[in-house]
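Chemist: Residues per chain, in single letters:
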Amino acid sequence: MNSMNNTINEIKAALKPLKMETPAFRQIAVVVKPDTVHNALSYLKQKGFTQLSIVTCVDWIKESEFELVYILFSWTEGIHIQLRARIDRDKPVMVTATDIFPGAQYYEREVHEFFGVEFTGNEDAAKPLFLEIWDDLPPLRKDFDPQAYSDSKFPMRERGNEFVSEIGGHDDE
Amino acid sequence: MNVMSFVYGFLVLLGVFVFQTTLTGLNRKVTARLQKRYGARWYQQFLDIFKALRKDSTSHGWVFDFGVIMALGGIMATVIFIPVAGFEAFPGLDNIFVISYLLAVGMLGMAMSAAGSGNPWASIGVARALTNMLAYDVPLMIVIFTLIFAFDSSSLSEIAALQQGMGILGWNAFRMPLGGIVAVIALLGMLGKKPFDSFIAPTEIASGPMVEYGGKHLGFMFILHEFMTFIEVSIILSLFFGGGATIWEYMLKYAVLYTFMNIISGVMPRFKIDQAVKYFYRVPLAMAIVQGLVVIFTGLGVTLWF
Amino acid sequence: MVLDEKDNRNVWEKIGDYFSANSIWMKWYCTGCGAIELPPTMTSRYDMERLGMGPMATPRQADVLLITGYLSTKTLRRVIYSYEQMNSPRFIVAFGSCTINGGIYYDSYATIGRLDKYLPVDLYIAGCMPRPEVVMNGFNELIKMIKKGQAKGWKHYQENYEWYKKNQLDSLGEVIIKDEFHE
Amino acid sequence: MNLTIILAVTVVLAVVSFFITRLNKKAGGFLTVIASLFAFVGLFLLKGSIGGEFSIFYFSFKITMVGWYFALIMVLAYSMTSFFNPFWMDKMMYPGSYNFMYLLSMAGTIGMFFAKDFITLFIFWETVVWSSTFIIQLGKSRKASYVYYVVSAIGSMATLFAIMMAYSVSGTFVISEAFAGLSGGAAIAVFFTFILSGLAKIGIFPFHVWLPAAHGNAPHTFSPVLSGGLVKMGAFIAFLSVTAFPAYEIFSGMFKVMGTPFPIYFLMALGAISIIVGTLMAIKQEDAKKLLAYSSVANGGYILIGILMLDQVGFAGGMMHLVNHAVASAAAFLAIAAVAYRTGTTKMSEMGGMIHRMPVTYIVYLVAIISMAGIPPMGGFVSKWLIFQGLADKGMLFLAAAAFFGSIGSFMYVFRPLSAVFLGQTFTRDLKKKEVGFFMMLPMLILTALSILAGVFPNTILRVITEIQASVGISPVTLAENTIVTVNGYLDAFRVFIVFGFGFTIAFVIFIVRRKSKKVELMDTYTSAEFIHTRELLHYSSKFYAPFERLYDKAPDTMKLYKKIAVKIGELGNLTESLFYGHKPEKTVFWVMITGIFVVIIGGVV
Amino acid sequence: MINPVFMIAIPLILAFLSLVAARIKKWLLLSGVLINIAILFFLEKGETVIGGFKPPFGINLILDNYSMVGLALAGLLLLAGVVLSLDKADKYSTVLLTALAGINGMLLTGDLFNLFIFMEITIISAYILSTAGKKPEYSFNYLVIGSIGSVFYLAGLVVFYSLTGTLNMADLAAQNLSMGTPELLVPLFLIFTAFAIEAKLIPFGGWVKGVYGNSNRLTGALFASVYASTVLFVFGRVFNEVFALSGAVQTIIVLIGVVTFAFGEAAAFRQVKMRRILLYSSIGQSGLAAALFALGLIFPAVLLVISNAVSKFIMFSITGKLREIYKTDDYTDLKGVFFSNKLTGIAFSISAMSLIGLPLFFGFYAKLNALTALFNGGNWFIPAVILLFAIVEGAYFIRLLIALWAPGKEGEIADKSHAVGEIRIFNIKKSILVFILSLVILAAGLIPDLAGKLISSDSGFMGGDGPAFTMSQLKGGE
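Residue numbers (our numbering), protein chains in the order written: chain Y, 437 to 609; chain X, 980 to 1285; chain P, 11 to 193; chain R, 504 to 1109; chain U, 4 to 481.
Because the hints were derived from the structure by calculation, they are not lab data. Errors might be hidden in some of the hints.
Simulated pairs of lysine-lysine, DSSO-like, Cα-Cα distance not exceeding 27 Å [what the hints assert, rightly or not]:
1. Lys1257/X x Lys1008/X
2. Lys935/R x Lys1173/X
3. Lys188/P x Lys1057/R
Only some residues are given here: those of chain P computed to face chain R with a beta carbon under 7 Å [stated by the list, open to error]:
4. Thr53
5. Tyr56
6. Thr68
7. Lys127
8. Ile186
9. Lys188
Residues from chain P that keep clear of chain X, each with C-beta distances beyond 10 Å, as calculated [to be verified]:
10. Gly26
11. Arg70
12. Asn97
13. Pro142
14. Asn170
15. Asn177
16. Ile187
Values in this document were obtained by computation on a predicted structure and should not be read as measured data. Don't be surprised by glycine CBs; every beta carbon is placed ideally from N, CA and C.
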């Protein structure tokens, strides 16, 4: 546990986080200012957190903020770190992490695709990744209405009389 | 060589097709029973083939079609040369080398057509099939070579005839037991049965060479497969199990041998292709060479050894 | 599909349909959760080979395209591609409620609502999930339909190709897409 | 026809072509066609004067059946390949000397086969070696030409040694008499050193290293000659070493393996090893020409085994395989050259689907590989059949095992270029490419026709071989009208062909009565429903037999042996240099003193 | 008929004149070598006595067909060298003329002591020529080693004289000295050492690397052809006419020759600098020639010396010029240099192939003769070594030729764009001269019997055998 405490202390000293907690065993959650994320990532990588497990995003629509979450892992110490930062929801911009973790490319593209966050410095971030063709709001934003989209794009079956099961089914309606 | 020969040849083809397809259908039932299933109808294989012939098909260019025709043509020519219970449509041409190389025409045609489809899986399948062939053929050919040396003949019917009339122990499989074992293992490889079926692995490489065939091409492949099975089993039957004095004996023996192969295959897992090569070049090759040396230097097996 | 149409097949077609009905080779498009129901259908408990049915490796060889469960836009593109690679006569059996009306994913932005708008479904097997009994029952029905010459989805597709194509394009944008991962 | 005229005209035309090429490159190329065709026709007509002896200059010649047979094969390869020459002139660095060397080496081979004495043979032999060395360097690798020369030199120097040694015993260079009187250890030494040049030329293990290097990298217009022609010079030496040097008689008292004297069996075993090595290496290659080169190694093994058997059947097989391999290999190399003419590469991973652009070339290649793999109804089948029968007759189990291995392995390797170069998706770059012109197609078609004819009517060739067999005093292979009869069975190639045609017809009829199939593009294949748009990526061509190759990828490379020897020689040179040729005079003074002391000691002893 | 003494006197006079009339020394040199050739045809055969004393007391010159061949070879090559490199030779006119006198003297003299004097003249001229390399330490090296040789030779003569009482060759030959006597061994060793140093035999040739390796196109060509062949000719005469070698001594000398051949070829094999390749090849060839001379196989040895001298002359000239142009003689830096110099290239190639002993060239005839003669003597070991190292020799020469002819990356076809440059090596006249010289090799290779007849008039040298092998014997008649 000592190394854990040491790590916490060191990180606290180095990153000067807004908030810090340990949500589970050998996990640290650090909340930092968005403009320090890049520095924090490079600091952590140099501390031994060499694996970027994921970059994802949470839509806090009431606060009108996106919370970017970077999860890193250290193979030497076995500690996970969540690095969180909140950015403005109306102008979601973040500095890319691809220069530190080249693998962040695909996470950033995903976040861009599903939330519309822009990553400065990552030219490829705007390329489509999962949604092969998309023409609406980013779908995981909470103000996106999937029902409406689905109705407009994928017409549903009209439930009329012709839809009666022929093979002994039991229809509840 | 006269017209009758061709008529006989055609009849042989028809007969072999009906016989072998029925047997395949029955064997599907046998396999099903091994797996505690009810299994397909005995004529299911006919239904499958005719259905495939009935369907529309897709072609990937002329070599795709040409290869299929060349394959079936070559294989059918080979079938005509196979002596069945001493009967040959073209007497005297049942030379083992002729048969095994004419068989290769069919294989080459099939490989060409499959690769001509442009599907990478087909190419992988062909690569595996050819590797497999290299694996099983060398031990088998050594054993066959031993037989030729022993009996001074490379004619299937002559070698078969030599084994008859001495009871079951006159069969080469018992005169040369190691060679017999090699032949049976090699037959598994030839038939593409498990454990040597990695080249058509359906879930792994999408049935390999067959990947792009549909409709009549697929029907051709099925017919080809029946004929090829007949040729392969017949070679081993004639060389090692005495062929058959009468057509009924032949058919009975054939059915037993083929079913036996199926039963072995039914309980086997699958070798990777390099494992298959290693296996063939370790056990059967050693056995074949030992058998060959025994026959060449001691003469045991040429004469009955009891 | 219109089921009650006059039987105007000739003898050869009838024989052909007999073969087709008794030898059903399937290509399973197993993107949905329904795939798990198929192994029991195939193996010794239900043994679909009795009816001459069996799985096939590629759409070229198959007669039936079996779509098990929901289809996202992404998978629908592939399903259409596969269907077009199949050789006629070809049939589609849709499996599970998702293919009928989107199932529990009816409001998803990525999952389509109903399959028959895009491809000619010959037979639906309802349920979430349909048990193997139902699957076998459904296939019995398909066999009957083929024998009677009623499974004419593929002809319908040919005749109404424009309509299907329009629906496909409306929902999917394009069917055959080209991006950095497909080059 | 007179051999003098043939030789003189060829040599003169060689010189003329050198100058004409300087004026007009294409014209020079066409002149090689004319010259080689002239030589071919001339040689063909020479059959009437077999048995004649005469001399030109100080060279003495004797026209023998076997010489005629070999020369005809050789000039066939030369003349067919020469059709390609005019089209490659622009790509050559020295077109003039290429044409000159081309014809000079051809004249050399003709002279060599008809030589009456060994010195004539050797002079022509070496002329061929150096002239072809200078051709090979114009190709893709300088190293290849170096390797070619060194391996050839090892062979020819050894042979010269043998010739001289035999001369010191018998006092004559005349081929038929030179080996008289040899016995014991000297006979073995002469036998092995003499055949060394043959082994080196055929590419028998461990001398096979030059084939992939030279065949693979020579100008595309010379590889067919190398493989189809020059390799056969080695077979001639092998032939001489069992006939002119009656190895079976001289070694008859020695330890025998399966009825064959040990030295001969040893060489046959080397042949078997080269079959295996050639096959395994060919399977591995990524370059179509290198692949074919290794296949020549394997086929050389068959030829050597066949010829060394010197019996009724196997020998006939080996001799016939000469023709079949020459024709098939030349055709295959020409086909690859034709493809390279259009695409500019011979790497299999850089090509695909050429069948849609060059169907005739494809047919040519197909027939060639069918023949090479020994599948009926092509010529290669008959000769391999004969070799197998011969081996079975003698019970040579291990050789037969190698032969079978090579035969089946050949399916694997010949299929690779077929699939990688011709089948599959055409590369975007090659979509607009066209079939080669008629003039280039012609030789390929002729060779293809010859391959088929040799397979359907093998007796035409075998009749010549029976005469050769009679001339060297072994019982000729038994031939009936269309059949070849051996102890173990007989073969009626024509009937096999007819039945094959019958089967093919039935299949064709079934195919044609069924509904016409829908033609689709090659990109429209089953890809697990994934969309793939890049033709180059979908085409499967490199590392074709990866799982199999993995089994022997740690096998040692023979080239390393040669490199090691070269390093050792270099070290000896280094030692010499540092011991005796330093820049300081003291060293020499030291050595003078040492020698002086040495002499004094010797003097004391004496 | 002209007295052979003019062969020595005229060059000496001209040398003296060239000191006086420095302005026309170039013409003096040219006329010297030309006159030398001219009077060759009119020389009086047989023995010439100088100074009135009858041998063994006086100075005598011997002109038999052996010395005639040597004179012709040296004279012609010197002429060719001077013509080819007149700009360089100009400076060394006096030296070259003196050298010519010395060389002629060496070849003609019938007296061991006179031989010493002529040899000194020749070697001193060589010392001076070697300074053209502008590496004085190598010249000094040569000087030291050469002086040791001279001292040894002189010492050998002294001992010898005390034993036999004469230094006249014919006289000595008549004494039929037995090699078995230990006393003779010492002078023999001393004299052999002196020759071995000049003939570059292992282990005495320490000077060669520096001198040959830094030669220019004049000196390299002269050293490797004129000087080397002269020394070998004299070596042949001394060790055949004066000492009839036999027994262990013969074996040792042959062994030294063969070892020199083998080691020299091996050393050449690992070189990349062209002059080094050529110099080690020269060492090898002279080793072989020495071995053959020691075995008494004079005719093949002479053929070998001639073929080597002409080839080396051409190759050294071209190499020297190449080095002048490109400042390097590393062949890996000179790829494709013959592309724009085809005539020169062909000449170089013919020379190289002749050296390897490839048929159609003169070297083949020489090699074949050597082999036949050796085999006739019941010797199979030396032929084996010769052929074995002929492979090595072929390897490095062919490698060199390939590099010089065909530039290009591995994996791409040979292409002129990779050639090192398009500068002409020789101007057209000189190219033709070199080319004609190489054609001589080719012609002599094509009609070797005639060439052999021209050299030895079918009778062999100094009572030795004639050709061991003639092409005409192939026709059936011996």
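Chemist: State for each hint whether it applies.
Modeler: Hint-by-hint comparison with the structure:
1. Distance restraint check for Lys1257/X and Lys1008/X: the Cα-Cα separation of roughly 32 Å exceeds the 27 Å cut-off, and the hinted pair is therefore not satisfied.
2. At roughly 45 Å between alpha-carbon atoms, Lys935/R and Lys1173/X are farther apart than 27 Å, so this suggested pair is violated.
3. A C-alpha spacing of about 42 Å is found between Lys188/P and Lys1057/R, which places the hinted pair above 27 Å, so the restraint is violated.
4. A distance limit of 7 Å between C-beta atoms decides the matter here; for Thr53/P the minimum to chain R is near 24 Å, and the interface restraint is violated.
5. The interface hint given for Tyr56/P is broken, as the beta carbon of that residue sits about 27 Å from the closest beta carbon of chain R, more than 7 Å.
6. With a least beta-carbon distance of about 4 Å to chain R, the hint placing Thr68/P at the interface is held under the 7 Å criterion.
7. Evaluation of the Lys127/P hint against chain R yields a violated restraint, the C-beta minimum of about 19 Å exceeding 7 Å.
8. Hint status for Ile186/P: holds, given a least beta-carbon distance of 6 Å to chain R, under 7 Å.
9. At a threshold of 7 Å, the smallest CB-CB gap from Lys188/P to chain R is about 6 Å, leaving the interface hint in force.
10. With a least beta-carbon separation of about 4 Å from chain X, Gly26/P fails to lie farther than 10 Å from that chain, contradicting its non-interface assignment.
11. For Arg70/P, the shortest C-beta to C-beta distance to chain X comes to about 4 Å, within the 10 Å cut-off, and the non-interface label is violated.
12. The claim that Asn97/P lies off the interface is violated: its Cβ sits roughly 4 Å from the closest Cβ of chain X, which falls inside the 10 Å cut-off.
13. Once the 10 Å rule is applied to beta carbons, Pro142/P is consistent with being away from chain X; the minimum gap is 14 Å.
14. The claim that Asn170/P lies off the interface holds: its Cβ sits roughly 19 Å from the closest Cβ of chain X, which is beyond the 10 Å cut-off.
15. Every Cβ of chain X is farther than 10 Å from the Cβ of Asn177/P; the closest lies at roughly 24 Å, confirming the non-interface assignment.
16. At the 10 Å boundary, the C-beta of Ile187/P stays outside the reach of chain X, the nearest C-beta of that chain being 21 Å off.
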